[in-house]
Amino acid sequence: MTELNMMQTVQIIVADLKDKPGSLLPILHAVQNALGYVPPETVPTIAKELNLSRAEVHGVISFYHYFRDTPAGKHTIQVCRAESCLSMGGKELENHVKTTLGIDYHETTTDGQFSLEPIYCLGNCACSPAIQIGNDIYGRVSTATFDEILKEKSA
Amino acid sequence: MSITLYVPCDSSAVSVGADRVVNAIAQEAEKRGVEIKIVRNGSRGMYWLEPMVEVVTEKGRIAYGAVNASDVSSLFDADFLNGGSHALSLGLTEEIPYFKKQQRLTFARVGITDPVSLEDYIAHDGYRGLKNALEISQADIVKHVSDSGLRGRGGAAFPTGIKWNTVLNTQADQKYIICNADEGDSGTFSDRMIMECDPFVLIEGMTIAGLAVSATQGYIYLRIEYPHAFEILNTAIANAYAAGYLGDDVQGSGRAFHLEVRQGAGAYVCGEETSLMESLEGKRGLVRFKPPLPAISGLFGKPTVVNNVISLASVPIILDKGGDFYRDFGMGRSRGTLPLQLAGNLKHPGLVELAFGVTLRELLYDFGGGSATGKPIRAVQVGGPLGAYLPESQFDTPLDYEAFAALWAVVGHGGIVAFDDTVDMAEMAKYSMEFCAEESCGKCTPCRIGATRGYEVMTEIVNKRDLDKNIPLLRSLCDTMLNSSLCALGGMTPYPVLSALNHFPEDFGVNVEHNAA
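Which chain is which? The protein sequence lines are S and H, in order. All residue numbers for the first sequence refer to the numbering used here, where the first residue is 1 and numbers rise by one. All residue numbers for the second sequence refer to the numbering used here, where the first residue is 1001 and numbers rise by one.
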């Protein structure tokens, strides 16, 4: 996407949502849904339209784990680190995922295919351990099933 | 005549292949020229049996599970469409002991109906509570909720009726109902199930709350980790608007109630009500000082009811059957039922709704079937990541707010996570500090600095360095966090840490006799 298109997209989103009470989070969600991240160069536009300072908008973006200011890989893999998954081999799965992808949390593979993020509970605790890729959720994930899922997603 | 089958659309069922099973059944039926209708219901909550397929027969719904796509052809061979016998047969769903032994009030429809079908909801006693609420005074609605003894199911257990009464009696031009659906507590999934499997019960509960206190706008603050719930809620809300159950004139009463879902953005602390309101206002989720109470000055400075999903979803049955009906379940000052979530290392994890008073042991063994690995259950964390760890010697404690408080533990949101004897409790304590450091909003020092220092001290302890110095340091740090944090995040992180240390000192390299609290 060219920078011009990017700015236009953001302007349309802001114009559409800015009259909602407490509109900043809905706007940031819409921007991230459209662009995959919240580009730092769009912050001044968002701030101006909402009559906020750039620092305030940046502060909100950086406060929430979900918002990102750099593009993610094609697929974002979220591995649950919470207690229920830990009790069912989550640590081994986590190590396997990191080794297989060759990256740590908050990193993206060099081919741009996968980003890895930790997550604290997917509400899938009765089917632990769990991971999520995009909006697809997976339960009772073993190292072997993870390899299969990865193959599917790489295809 | 076509045969009706049920396969859940619940995200946990989907996570283990429910969608693949639906496709396989549809294809196989077409191949064999059989006419079928597949309804995507919610989950019954027996997750070790998911994906569970139910077939409607003259005798009732017959279940098969856990079904893999590769089992489908053999199910057809066994004539499962007429309830035929198969290795995966479970018999009549409602006769499965795990399900039959429950007391489902809030979850009465979960797993039975199509979540987004308003017709189904009404056919199964839905919107009867609202009908009654429209015929009585606001004070009487609040009285039913007070009489029921309902206490906040999010974890704090504050009496819901008192909260509503305060908002009712505070004058303002605008009031709000907020549903706290930021179910961030690990080991819990009852909110997710209600939103994915019976969203109308939440919508009805919020509408009743709005009528009770004169609030015309409701927000469901939903965590970003629940994309399926987001879709289902939005569909259900659109259906409720279309049928006049939401809008400017709820069921011709002339009274308005509007509802919108807002997504969080991955901050655990936003499950704390004041932080949640900051987030809804479009700000960083920093915890506010109290007072003022949200009931007096909450969202945008207006009187606001903030209730958990389960609290609000329990309101329709209270208004339908009366406060006394609900109060007759339970024990002591813990009235009604609690949807318990059995999670972690258990053979039969799932959702169990029961009256307060059931013991942990019954839940872990009679329902949970013991550990999944077959090893002894060594520790159980109750009430999410800020809940205490309980050892085997405390498994006979009844689920009751006061009984748990007496053990320096919490019932919280009813999540129960079991660990077998391979668990290292010092590692779990270290994890609790790491989690707190990761999720602290940063406003108060005991939490912001304390959690980071706590993680460092726990790292030293796990590596068995300077235990004589580090164990007292950890206790002192926990004491500070416990007594001077602004909210429960910093204030309750010492629960898992100290309970692990007190009950499992050997994992910390501490001599039991020298581990005086």
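Because the hints were derived from the structure by calculation, they are not lab data. In this text, all values refer to a predicted model and were calculated from it rather than measured experimentally. Just so you know, not all the hints are guaranteed correct.
[Stated by the list, open to error] Beyond 12 Å from chain S on every Cβ pair, some chain H residues (computed):
no., residue
1, Ser-1043
2, Glu-1196
3, Lys-1283
4, Gly-1350
5, Val-1417
[To be verified] The list that follows gives simulated cross-link-like pairs (lysine to any residue, SDA-like), each with its CA atoms no further than 20 Å apart:
no., chain 1, residue 1, chain 2, residue 2
6, S, Lys-18, H, Ala-1265
7, H, Lys-1347, S, Leu-4
8, S, Lys-20, H, Asp-1248
9, S, Lys-18, H, Lys-1347
10, H, Lys-1283, S, Ser-142
11, S, Lys-153, H, Asp-1324
12, H, Lys-1283, S, Ala-55
Don't be surprised by glycine CBs; every beta carbon is placed ideally from N, CA and C.
Status of the hints after comparison with the structure:
1. Its closest Cβ contact with chain S, about 9 Å, brings Ser-1043 of chain H to no more than 12 Å, contrary to its assignment away from the interface.
2. Listed as a non-interface residue, Glu-1196 of chain H fails to keep its Cβ farther than 12 Å from every Cβ of chain S; the least gap is roughly 9 Å.
3. Annotated as non-interface, Lys-1283 of chain H brings its C-beta within 12 Å of a C-beta of chain S; the closest such distance is 6 Å.
4. Chain S draws Gly-1350 of chain H into its interface by the beta-carbon criterion, the shortest separation being 5 Å against a cut-off of 12 Å.
5. Once the 12 Å rule is applied to beta carbons, Val-1417 of chain H is inconsistent with being away from chain S; the minimum gap is 5 Å.
6. Straight-line distance between C-alpha atoms of Lys-18 of chain S and Ala-1265 of chain H comes to about 18 Å, which keeps the hinted pair within the 20 Å bound.
7. Among the hinted pairs, Lys-1347 of chain H with Leu-4 of chain S is inconsistent with the structure: their alpha-carbon atoms are about 56 Å apart, more than 20 Å.
8. With a C-alpha separation of about 18 Å, the suggested pair Lys-20 of chain S and Asp-1248 of chain H falls inside the 20 Å cut-off, and the hint holds.
9. Pair hint Lys-18 of chain S plus Lys-1347 of chain H does not hold up; C-alpha atoms about 49 Å apart against a cutoff of 20 Å.
10. Distance restraint check for Lys-1283 of chain H and Ser-142 of chain S: the Cα-Cα separation of roughly 39 Å exceeds the 20 Å cut-off, and the hinted pair is therefore not satisfied.
11. As the CA atoms of Lys-153 of chain S and Asp-1324 of chain H are separated by approximately 54 Å, the hinted pair breaks the 20 Å bound.
12. For the suggested pair Lys-1283 of chain H and Ala-55 of chain S, the alpha carbons sit about 12 Å apart, so the restraint of at most 20 Å is met.
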